[in-house]
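Build the full structure now, drawing on both the sequences and the hints.
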Amino acid sequence: MTYMFSKRSVAHGIQNVSRRHVLKGAVATGSLVLAAPLARGAHAAAAPTYATGAGDMPHGVVVDPRVFVSIAPDGTVSIVAHRAEMGTGVRTSLPMIVADELEADWARVHVAQAEGNEAKYGNQDTDGSRSTRHYLVPMRQIGAAARTMLEEAAAQKWNVKIEEVKAANHEVVHGASGRRLGYGDLAADAAKLPVPQIKTLRLKDESEFRYIGKGVPFVDLRDITTGRAIYGADVRLPLMKYAVLVRPPVVGGKLVSFDAKDALAVPGVEQVIEAQGWPWPSKFQPLGGVAVIARNTGAAIKGRDALKVVWDDGPNAKYDSDAYRAELEASVRKPGLAVRNEGDVDAALKSADKVVVGEYYIPHLAHVSMEPPAAVADVTDSKAEIWAPLQSPGGTQEDIAKTLGLPLDAVTVHMTLLGGGFGRKSKCDYAIEAALLSRKLKAPVRVQWTREDNIRHDFYHTVSTERIEAGVDKSGKVIAWRHRSAAPSFMSSFQPNVKNESAIELGMGFVDLPFAIPNIRCENPEAAAHTRIGWFRAVSNVPHAFAVQTMVAEIAHALNRDPKDMLLELIGPDRIVDVGKSTKDWWNYGEPFESYPVDAGRLRRVTELAAEKGEWGRKLPAGHGLGIAAHRSFVSYIATVVEVAVDDKGNIAIPRVDTAVDCGTYVNPERIRSQMEGAAIMGISLAKHGEITFKNGRAQQSNFDDFPVARIDEAPAVINVHIAPGQNRPPGGIGEPGVPPFAPAFCNAIFAATGKRIRRLPIGSQLA
Amino acid sequence: MINLTVNGEAHRWDGDPSLPLLWYLRDESGLTGTKYGCGQALCGACTVHVGGQAVRACITAMQDVADQNVVTIEGLHPTGDHPVQKAWRELQVPQCGFCQTGQIMQAAMLLQDNPKPTDEQIREQMAGNICRCGCYTRIEAAIRLAATGV
Ligand code: FES
Ligand code: FES
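If you're matching them up, the sequences are chains B and A in order.
Numbering of the first sequence is given in my numbering, commencing with residue 1 and proceeding in unit increments.
Numbering of the second sequence is given in my numbering, commencing with residue 1 and proceeding in unit increments.
Where hints are given, some of them may not hold.
[Unchecked claim] From the structure, some residues in chain A lie toward chain B, with a derived Cβ separation under 8 Å:
(1) Asp27
(2) Pro83
(3) Arg89
(4) Leu111
(5) Met126
(6) Cys133
[Unchecked claim] When the alpha-carbon atoms are kept at most 35 Å apart in a straight line, the in silico DSBU-like pairs for lysine-lysine are as follows:
(7) B:Lys283 with B:Lys440
(8) B:Lys613 with A:Lys86
(9) A:Lys86 with B:Lys442
(10) B:Lys383 with B:Lys192
Hints in this document: simulated from the structure, not taken from any laboratory.
Just so you know, even glycine gets a beta-carbon here, dropped at the ideal spot from N, CA and C.
Structure (structure tokens):
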């Protein structure tokens, strides 16, 4: 079986080996970095020589300064940001990398947002915590190529050898004569030169970095704080109409009839029309329903409230999350498909002196980015223009072209800022809805999802039951580990009859368990989906890490050991864990194992760093407790120590969090900190509150009153983020990996404080 | 006909008097700095100032702001340099930024009413404003910074 590199390539069915190889040969040079740069005097630097999975993504990598960099005669350097900005700072960090190699002065850099166009820019799927990981080297090469062209232009002008000139701080200098020319003066000549071969480029030595590893304030800061930043719903076109839809309440259901009389009587409502829907599953195609068109969103919402609609609920009409939970529990108590097998778990469990058993439940979650989905479309018979907050702008261009029957280049997808994404905005159903309505109404349309729509019609985080049995021998050594994970797969949104987790989901903290235990078996019992499942920040790492890291503390408790010592003992000696030897089709976040091995030593060190900085073992007041968890995901290593204080009513305060991060080479440490702070808050939300339940196929929650998220009065007093040095290693992910260890560390702390073990999320009223 | 002042300018509305102020600002007036997050006064994304108070524009009907003074993020400070805005930039508070105009409007009113708030008061006063990205520790720090001078 060939398998999946990106979540979207799954969606596109790109599982064709020859296509991969074509991609690799044609455009993947950016990721397959060349080990032999042209040595040039004292400044020759060894180029980073690691491979990434970037070339395997749809449309691979484009390393071309003519696509990404332009320089105006006044010296302003424009650098294209081709990924989606949803709060990670990527729109700053990637151009900053280019600027660094280009020796551009950041004060004279303008960041230009790309449209969705992967043929031109390479892959744009902003998910999977991939942007820095896949683009650090390509962006450096782009900057270095542009710098070399400027140097060449100056050398030709002065009639000297290129070795005699050097670009520095927005100008090129000829050392011997002291002549200098600014980038603006050189731009026109430089643009006429051929782009140098990547393998001839001189990349900077780390000691020469201006911005990489240091950071700059992110480019949208002023616009955000003054209200000028443009998100999807902020786009306004002349004569634009405002639409709100009502969609089938049950996935797989469809419209039978509707009565629009009362809706049309609402002031400002102009039209009520049927909206096209697709049967389930259909990837990201819209659910369909009825659209209310009005002169403003408020009128459209009021009109929708007055609509009377009859639905056929379809095959998922009975979906009930309580009953489903019982099914999942029954499944994990029986053997399932073995997806990793080492040693003889059954025999080892039988021979064990003690078996510690834990069963954990992690419910469906909704993403609830603060910006609900919204999109603007202006579609005619021959072309379509879209403005929307999209994590997958290139995929959206393709999906809209296919849906409308237009050639790809007739579809323009403008990327606005995203008011949060978390995986929801990888799915462009809302943009397709806007495009279809615009075509029908022959006018520009803005579709606004209400918060209720957002919560009732999400591509939900999966729901899972995890069961772990750990066998301990007489000497107190853990000798057996059997983990069963039952959860509907997000593949169920792409094709019918999916029963098992995909390689991607299994690879997320399940089969890649980095513990030194001689007998390990991971099993995946079947679980069918009854709603739309999608990926949610950190995806299956959330339930897997919750189960594994809680189990470690449970074993420690059973053996009367310190949880941190227990965790370190299970991580074991420094070594590379060869998951592939006992796992068929192992997925390593789409990365080659050689560049991104499972490194137990890094997990150990990051655990020790969190423990040291978090002052593990310190004396605490009564009612306080410390918890720890460590997890590798998105090829980064994160450990978290959480201190809680629980009062006698079960109220939880968090005096302090210490998170240690080893993401290899880092680019923008300040934004790494903000991602880790945000991950802690998201961890609090999902640990304390998050749960979507279903009755009669319908999601029971609809807004922040019944789907609460953490507020400021629940936030930790202090979140310390400790970034481990790692500039000699390939970069790892940052957007997601902070999330998985938080909930188990938090719940382990609650156990330490109260003796109450949380095995079911959310905590809700379990402590009351 | 409803007359009101928005950021110092005279506005009039002759449509549905029950229309929430939020949609009048965003869709009818193009003042898109005020955000929609929940429509139910649960998240604070739509926070504006009306008559010297922080209100949720999503549940405030146009008829309730007749003859009132409305200030949105666009009108908080002529150059965008209100101490709260400056503190927000100094500490790089935002992530996605979507909730931040509402947070800033809420924080500005909090400091106007109580120039030296305690941490407890900050948490209490800001608890109606959700930030899904989780910028809370920085929001708290930025309000302290704004209170002590940026
Ligand atoms: S949109 Fe008004 S409080 Fe949420
Ligand atoms: S910054 Fe994204 S919701 Fe607050």
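Tested hints:
1. The interface hint given for Asp27 (chain A) holds, since its Cβ lies 4 Å from the closest Cβ of chain B, which is under the 8 Å cut-off.
2. Look at Pro83 (chain A): its Cβ only gets to about 12 Å from chain B, farther than 8 Å, so that hint breaks.
3. A cut of 8 Å between beta carbons decides the hint on Arg89 (chain A): the least distance to chain B is about 5 Å, and the hint holds.
4. Taking 8 Å as the C-beta cut-off, the interface hint given for Leu111 (chain A) is violated, the closest approach to chain B being about 15 Å.
5. For Met126 (chain A), the interface hint holds, since its Cβ comes within 8 Å of a Cβ in chain B; the closest pair sits about 5 Å apart.
6. Checking Cys133 (chain A) against chain B by beta carbon gives a least distance of about 5 Å; that is within 8 Å, so the hint holds.
7. A C-alpha spacing of about 23 Å is found between Lys283 (chain B) and Lys440 (chain B), which places the hinted pair at or below 35 Å, so the restraint holds.
8. Simply put, Lys613 (chain B) and Lys86 (chain A) have alpha-carbon atoms about 31 Å apart, close enough for the 35 Å limit, and the pair holds.
9. A C-alpha spacing of about 44 Å is found between Lys86 (chain A) and Lys442 (chain B), which places the hinted pair above 35 Å, so the restraint is violated.
10. The suggested pairing of Lys383 (chain B) with Lys192 (chain B) holds, with an alpha-carbon distance near 33 Å, which does not exceed 35 Å.
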